[in-house]
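Enquirer: Sequence:
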Amino acid sequence: MSKKYSNSELEKLLNERYHKEFRVETNQFNVEINKFQFLAVPVDNAAVRVHGSYKDNNSDVLDNYMQMEHSYQAEEVMKEQLDKYYEQYAVKANAAIDKYTSPSFLELVSNAERDIIIYYYIYLFDNAYSLEGIKSAVDYFKNQYYGTYTFTIYFWSPEFLKGKDFEKMKFGFNYNSDKYADNLMEKREYIKQELIFEFDASENTEITIERLHELLAPYKKGKQYNRL
Numbered sequence: 001m002s003k004k005y006s007n008s009e010l011e012k013l014l015n016e017r018y019h020k021e022f023r024v025e026t027n028q029f030n031v032e033i034n035k036f037q038f039l040a041v042p043v044d045n046a047a048v049r050v051h052g053s054y055k056d057n058n059s060d061v062l063d064n065y066m067q068m069e070h071s072y073q074a075e076e077v078m079k080e081q082l083d084k085y086y087e088q089y090a091v092k093a094n095a096a097i098d099k100y101t102s103p104s105f106l107e108l109v110s111n112a113e114r115d116i117i118i119y120y121y122i123y124l125f126d127n128a129y130s131l132e133g134i135k136s137a138v139d140y141f142k143n144q145y146y147g148t149y150t151f152t153i154y155f156w157s158p159e160f161l162k163g164k165d166f167e168k169m170k171f172g173f174n175y176n177s178d179k180y181a182d183n184l185m186e187k188r189e190y191i192k193q194e195l196i197f198e199f200d201a202s203e204n205t206e207i208t209i210e211r212l213h214e215l216l217a218p219y220k221k222g223k224q225y226n227r228l
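In terms of the numbering used here, the numbers along the sequence shown are unbroken and rise by one, the last being 228.
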């Protein structure tokens with residue numbers, strides 16, 4: 001078997017690459033892809049989960065730190081908007097950017113020349129007709145930033161949360177795995193409605209509460225990615 005980098009070697013490499021400290025949590029060989037894979041986190045923010053791979057300890061190391069960092073920042077920006085309107089929700093973001101560089105997420109979406117797509121996945125446990133928070137988030141991006149934004153929103157029955165500690169729940173946002181004990185996507189019967197749409201923040205299309213209501217549909221009955 002090929003020789004692998006030690007955890008400390010990977011940590012040093014990431015430190016030199018991004019000028020910050022990392023901690024490697026796993027580092028093992030994956031027979032399916034014939035490569036070593038590792039999971040690392042920045043010491044100052046374990047919420048950013050960095051995935052990487054390499055063939056052996058003489059080969060280049062690939063990692064997705066900048067994508068995960070920008071995605072994390074995109075989530076935090078969305079939380080600032082949703083906190084004003086919803087008591088309980090979960091959000092996940094995936095930032096697809098033409099080239100991952102060090103500027104912050106908001107700096108990147110402030111640049112009209114960047115090719116950026118942001119995918120937001122949001123779980124709401126409030127009444128499905130409470131769309132003011134979603135509209136506020138849309139306006140936040142349309143009024144001052146660039147990029148294409150895709151919102152996938154699922155409205156869950158409050159019954160799902162009965163007897164559960166919301167603060168301790170880990171939302172996997174994983175359609176294919178039941179690895180997480182409270183992975184909501186394994187409990188789809190609790191989803192009542194969905195709202196899926198996409199918009200380009202640079203376009204002058206007006207997105208109203210009424211238009212969002214028109215796009216509300218029973219779960220799995222909506223048209224994937226309604227372009228607004």
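Warning: the hint list may mix true and false statements.
[Stated by the list, open to error] Quick list of in silico lysine-lysine cross-link-like pairs, DSSO-like style, CA-CA up to 27 Å: (1) Lys192 / Lys164; (2) Lys4 / Lys92; (3) Lys12 / Lys35; (4) Lys142 / Lys168; (5) Lys55 / Lys92; (6) Lys79 / Lys4; (7) Lys220 / Lys192; (8) Lys79 / Lys220; (9) Lys84 / Lys3; (10) Lys3 / Lys92; (11) Lys79 / Lys162; (12) Lys168 / Lys92; (13) Lys84 / Lys20; (14) Lys12 / Lys79; (15) Lys162 / Lys192; (16) Lys135 / Lys220; (17) Lys4 / Lys84; (18) Lys20 / Lys79; (19) Lys135 / Lys20; (20) Lys55 / Lys135; (21) Lys79 / Lys142; (22) Lys162 / Lys142; (23) Lys20 / Lys35.
[Said to hold, decoys possible] Derived DEER-like restraints, expressed as beta-carbon distance ranges: (24) Lys84 / Phe29: 41 to 51 Å; (25) Ser157 / Ile207: 23 to 33 Å; (26) Ala112 / Asp165: 37 to 47 Å; (27) Lys84 / Asn57: 43 to 53 Å.
Think of the hints as simulated: they come from the structure by calculation, not from any bench. For every residue, glycine included, the Cβ atom is placed at its ideal position computed from N, Cα and C.
Enquirer: A separate judgement is required for each hint: does it hold in the structure or not?
Expert: Okay, the hints, checked on the actual structure:
For the hint pairing Lys192 with Lys164, the CA-to-CA distance comes to about 19 Å; that is within 27 Å, so the pair holds. A threshold of 27 Å between alpha carbons decides the hint, and for Lys4 with Lys92 the separation of about 32 Å lies outside it, so the pair is violated. Among the hinted pairs, Lys12 with Lys35 is consistent with the structure: their alpha-carbon atoms are about 20 Å apart, no more than 27 Å. At most 27 Å may separate the alpha-carbon atoms for a hinted pair to count; Lys142 and Lys168 exceed this at roughly 33 Å.
Restraint check for Lys55 and Lys92: not satisfied, since their Cα atoms lie roughly 30 Å apart, outside the 27 Å limit. Restraint check for Lys79 and Lys4: not satisfied, since their Cα atoms lie roughly 39 Å apart, outside the 27 Å limit. The suggested pairing of Lys220 with Lys192 holds, with an alpha-carbon distance near 10 Å, which does not exceed 27 Å. About 25 Å separates the Cα atoms of Lys79 and Lys220, which keeps this hinted pair within 27 Å; it holds.
This hinted pair does not check out: Lys84 and Lys3 have alpha carbons roughly 51 Å apart, beyond 27 Å. Distance hint between Lys3 and Lys92 is unfulfilled; the C-alpha atoms sit about 35 Å from each other, more than 27 Å. Note on Lys79 and Lys162: the hinted pairing holds, with a Cα-Cα distance of about 23 Å set against a maximum of 27 Å. With a C-alpha separation of about 16 Å, the suggested pairing of Lys168 with Lys92 holds against the 27 Å cut-off.
With a CA separation close to 33 Å, the supplied pair Lys84 and Lys20 exceeds the 27 Å bound. The suggested pairing of Lys12 with Lys79 is violated, with an alpha-carbon distance near 33 Å, which exceeds 27 Å. With a C-alpha separation of about 16 Å, the suggested pairing of Lys162 with Lys192 holds against the 27 Å cut-off. With a CA separation close to 22 Å, the supplied pair Lys135 and Lys220 stays within the 27 Å bound.
A distance of roughly 47 Å separates the Cα atoms of Lys4 and Lys84; the hinted pair therefore is violated under the 27 Å criterion. In summary, the hint linking Lys20 to Lys79 is supported, as the alpha carbons are separated by about 25 Å, within the 27 Å threshold. In summary, the hint linking Lys135 to Lys20 is not supported, as the alpha carbons are separated by about 37 Å, beyond the 27 Å threshold. The suggested pairing of Lys55 with Lys135 is violated, with an alpha-carbon distance near 46 Å, which exceeds 27 Å.
Restraint check for Lys79 and Lys142: the C-alpha separation of about 17 Å stays at or below 27 Å, so the hint holds. A threshold of 27 Å between alpha carbons decides the hint, and for Lys162 with Lys142 the separation of about 36 Å lies outside it, so the pair is violated. Note on Lys20 and Lys35: the hinted pairing holds, with a Cα-Cα distance of about 25 Å set against a maximum of 27 Å. Separated by about 47 Å at the C-beta atoms, Lys84 and Phe29 satisfy the suggested range of 41 to 51 Å.
Between Ser157 and Ile207 the C-beta distance comes to about 26 Å, which sits within the given range of 23 to 33 Å. Look at Ala112 against Asp165: about 44 Å separates their beta carbons, and that is inside 37 to 47 Å. One distance hint, 43 to 53 Å for the beta-carbon pair Lys84 and Asn57, holds here, with the actual separation near 49 Å.
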